[in-house]
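Number of protein chains: 6
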Amino acid sequence: MRPSGRAADEMRAITIETGFTKHAEGSCLISFGETRVLCTASVEERLPPWLRGKGEGWVTAEYSMLPRATHTRGGREAAKGKQTGRTQEIQRLIGRSLRAVTDLKKLGERQITLDCDVLQADGGTRTAAISGAWVALRLAVQGLMDKGEIKADPLTSKIAAVSCGIFKGTPVLDLDYDEDSNADADANFVLIEGGQIAEVQATAEGATYDEEGLLRLLRLARTGCDSIYRAQDIAVK
Amino acid sequence: MRPSGRAADEMRAITIETGFTKHAEGSCLISFGETRVLCTASVEERLPPWLRGKGEGWVTAEYSMLPRATHTRGGREAAKGKQTGRTQEIQRLIGRSLRAVTDLKKLGERQITLDCDVLQADGGTRTAAISGAWVALRLAVQGLMDKGEIKADPLTSKIAAVSCGIFKGTPVLDLDYDEDSNADADANFVLIEGGQIAEVQATAEGATYDEEGLLRLLRLARTGCDSIYRAQDIAVK
Amino acid sequence: MRPSGRAADEMRAITIETGFTKHAEGSCLISFGETRVLCTASVEERLPPWLRGKGEGWVTAEYSMLPRATHTRGGREAAKGKQTGRTQEIQRLIGRSLRAVTDLKKLGERQITLDCDVLQADGGTRTAAISGAWVALRLAVQGLMDKGEIKADPLTSKIAAVSCGIFKGTPVLDLDYDEDSNADADANFVLIEGGQIAEVQATAEGATYDEEGLLRLLRLARTGCDSIYRAQDIAVK
Amino acid sequence: MRPSGRAADEMRAITIETGFTKHAEGSCLISFGETRVLCTASVEERLPPWLRGKGEGWVTAEYSMLPRATHTRGGREAAKGKQTGRTQEIQRLIGRSLRAVTDLKKLGERQITLDCDVLQADGGTRTAAISGAWVALRLAVQGLMDKGEIKADPLTSKIAAVSCGIFKGTPVLDLDYDEDSNADADANFVLIEGGQIAEVQATAEGATYDEEGLLRLLRLARTGCDSIYRAQDIAVK
Amino acid sequence: MRPSGRAADEMRAITIETGFTKHAEGSCLISFGETRVLCTASVEERLPPWLRGKGEGWVTAEYSMLPRATHTRGGREAAKGKQTGRTQEIQRLIGRSLRAVTDLKKLGERQITLDCDVLQADGGTRTAAISGAWVALRLAVQGLMDKGEIKADPLTSKIAAVSCGIFKGTPVLDLDYDEDSNADADANFVLIEGGQIAEVQATAEGATYDEEGLLRLLRLARTGCDSIYRAQDIAVK
Amino acid sequence: MRPSGRAADEMRAITIETGFTKHAEGSCLISFGETRVLCTASVEERLPPWLRGKGEGWVTAEYSMLPRATHTRGGREAAKGKQTGRTQEIQRLIGRSLRAVTDLKKLGERQITLDCDVLQADGGTRTAAISGAWVALRLAVQGLMDKGEIKADPLTSKIAAVSCGIFKGTPVLDLDYDEDSNADADANFVLIEGGQIAEVQATAEGATYDEEGLLRLLRLARTGCDSIYRAQDIAVK
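Chains as they are written, first to last, in UniProt numbering: chain A, 1 to 237; chain B, 1 to 237; chain C, 1 to 237; chain D, 1 to 237; chain E, 1 to 237; chain F, 1 to 237.
Simulated from the structure, these hints should not be mistaken for lab results. Heads up, some of the hints might be wrong.
The list treats identical chains as interchangeable, and a pair is accepted whether it falls inside one copy or across any two copies.
Simulated crosslink set (DSBU-like; lysine-lysine; CA at most 35 Å straight-line) [unchecked claim]:
| id | residue 1 | residue 2 |
| --- | --- | --- |
| 1 | 54 | 168 |
| 2 | 105 | 80 |
| 3 | 105 | 147 |
| 4 | 106 | 147 |
| 5 | 82 | 54 |
| 6 | 168 | 151 |
| 7 | 54 | 147 |
| 8 | 80 | 106 |
| 9 | 82 | 237 |
| 10 | 82 | 151 |
| 11 | 147 | 80 |
| 12 | 106 | 168 |
Just chain A, same shape as in the assembly (with noise of 0.2 Å):
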């Protein structure tokens, strides 16, 4: 049995609060659980210099966590002058997630910054972080194509993430905090909607796995998502 009371291929109750903040042109509050995770989407019509004249926009991400986002208070990165290789890892990872769905040329010459703050979390911050930037992202680019700055959908899918693990010998879907402490191994995936896989980061410290493992995870996740894309229709209609 897990802590958490689910069974093994059980989501958390994910929850899609759009408009969260006013002066993004996309934003949401996305939940898995007690795992919440604001995602703004902020457009500005200017490219990093190494990306100029090259036809076609950029999408890039920035994560962080509130220090009190978890159990025992974190030093505030910007007080401690440096962002943890852990935040790097995240952000790269949700940049190039977005970017695995968005068709740069159509975006034309524009940036489009995710930033993925964590108020509250549970474990699988960063697959939360993806999803919900998505919706910033469609929001975004949406309000784009209201006004007529871009006429063609850059987006070319929907994409989620999720945790899945092997916990007490059980491959189980979308990790709590209590179960990641505890899970022998961990995997988190990045799937496009009609099922192509965009990132696989599949971990075992300690413990490791199979092929067998790994696909029983992959289908776990295949699963995760769909629920993911359903509420991610939801809040962007």
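Following the hints, put chains B, C, D, E and F in place on chain A, whose structure we already have.
What follows is chains B, C, D, E and F alone, placed relative to chain A:
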């Protein structure tokens, strides 16, 4: 007339939602109109080295704005590797203000950190932060007292803050962003319930004022803080 | 009785030695008693990027204490790799204060930087810095006018600053270090010759005060600033 | 056809020169074709504070590229004052991978740091680094066992890593730089001798793949790692 | 002819004003012509961790230029967040030089930090700094001896420094800024009273010299240091 | 007798392996005995802003030690976020030395960066670095001439460097680590083929020396550099 359509001595709507995040010993989301600040109080049973062994505790604060809390996206301090002077000035002000109503001996050898993260900014973020931080602190202290870890209440009073300014020649209360950008003078008052002044930061870049002007701003601030004390009262009940 | 033996409304000896360093366009060594601050004004015929092309100039300030300006040696900020919040707060205050008496359009598209380096500290370093920075600025501006680079005088008035506090219940003027360490409240006033207030920073950590207390401190500050204006007058003649 | 002229399942030449530097407790220069990484293992009889007193040791890694390891010179991280996200991501991966085959209790309260410095880069630096770091670690551990400082062998197995990708529609093994720059998808596999998976990092920026694609890449990786285990075997004999 | 009109072997006027600041255990303002450096010696009854428990003390130095010590304003190192290579090179030289005449065992387990802050620069700031730092150190050590905290004098000799260079083919003593900017070679000599050499830093960027050239510069330096020893003697009496 | 068993005027074995890495325009691995430094020359057809438009080029250097180049592991500068004073001092020395034999006008508006990375340290890393950097520079310049991008050879001469010291009273050539740790004085000489001195850095921390001592060290250095010039000659043929 004010851009906001408010009367000169009219506060924006104040709302305080306690328990906004679950891990912190005290937390609230405070709104002054469209300005929304998440305040959390984290209790730690240890002190920085220079404060140890004096038989008293410490209250400190950190402040940050999410990158897209504002009209245009601001660079993330963690990414830039340092906090701005403005951020440091504000977090020092929040810490000093809360210490003005805390008996550090009664707090005992522990530290409470108030994290004030601006989710959405529309003027007056530092005053909302101080007012909300008091609520988070009050809740955290209450928790310590309920568990018997503190005997006598270390909080000596309520404290609240509000900004006032001279807008087109008229002293007005609780400036929002549009008003603030066009005000001739700007003053932040931190006032203790019962009439004492904890802090005055009155600045005139360009315009100036005299004793009478200062006193008129202060009278407005008293009005505003009275509203805030009432909202705090309701929140911590 | 004050530790310094001074009357409650008595300033320390003010001396201003102009031309203390030869390279700066304006410079002075200002002393408030044992507090000594070297102030230089550097004129540069260029502006930071965000100020260019607006047909006006900029006045800014930097502040620092030499490591052994104080009773015990403080770490050098350059060695530690960052400026403290206190330093940033003070240099922002100095810059704002001088801009309050400068017509930036008349200054033209150039920047004047006021460097205020405390050679010896005995309380009131920021107020001495503002008062001395005005002298350095006045000299630099005079030089620009003498060379015909500026037509109309951009300085609209004299500006000076002084700290006041409540020491053992009595409001006193121009706190030195011993008094400051033991004062119940501490306020810095930046006043423009002619009666206007540019800035008030009144802080009560522990003790507090009310309107009457604030006004009494302000009256003392007016007395002190009158002495400083006279010293500035003599210095720039 | 691959730019390198290799068959789809053909590794580049693997060479491992042990004892490349004399001070480290274990060291080797590993080459995957033109990619050359110097791996050293440094044993220290102390642990970082947060790991002390738990009766177990720690294995960690640092990674860097010499500025001119690449086609064009990259800025030196030490000069820029921070490590890139890519560097941090890679060194975290190396550390996790080696810990997956280390029994930290048997290691005892000491730390082994694997430094992986890329002297020349031609694709696959992180996989060469992991494979070479294992050799350096093995040699260092052997030294500790020979001196009687460790009783039971803490290394549970061999570990190796290799990158695979989809190049012009065909899954290929061990991408070099030219192939990597033009691959549609790129996956790094860290595999434990005996069949277990330690880590999968599969990324598709632009292109994507499905279960079958992932499994085909994984089969290639198994082939490649078998060659690496043999080279490791010879090196540590 | 030299721009300064001095003879080839003529020092600039040397003045040393002791007790320039009151808090430091030893202090002086030293001038070599228009170059003015404030030197303070701070005694601390503690050592950095790596020097503790060896029964001896430490002498170290820090160096800085005020931003407007020079013809054009230089950025403040504290604001830029790091010390330049030049600053570090100079402060390491000052520390080494003073340790060359200090018996660290006789000093006992305490640290003396020499802060050398250039108030005005006109060439030769590092040599003035070394020469002045010795005076500050002498005064601080004398204070410790007077209070009985040190029994035997740890200072074994006087030490002084001067720059020499080849200007239009002629070796000249004590270069000022104009001469230094146009010299073909530049050498700094740190010499111990009695004839020993503590340090030579001779650089030829562009031009070069041979043994004879080096010896001629060294002979000039001896002449210059003799003048400095006399000024030091008078200062510490 | 020297710990190394060498005669007082005997260099360690010098080997120079050119083309050690393939991407750099010039590269070599230079060894002075067990000290091994990888030197690469990178040509870039652009200059830092402050050097542009003067019709001449620039030669600069960066230096680093791999963390485990030494007996005990040193912290990685990139991880600590700054270069030590020692590193900066050395890389400035390398750059100055190579510029002493380069006609920057003949080089044209391009920059050559010499990266000197110490793979293994056993004393004399900076002198090996200078001597090897010349080889890398020579090869890079030759490449530019072969391609017709430079008409006239900008390198005016060969340059080499060696350390000498006074070990147990005897002047000795080319100190290794054991000797260096116990030497009474230590001097680095950078000498141009043909007899000119480019740089002398002679330091005596503790012990001292006089003219005669300095000249004896210099004579030894000339012997050592002659051997290095021969090795350089063979390497670049």
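Can you list which hints this structure breaks, lowest number first? Hint check: 9, 10 fail, others pass.
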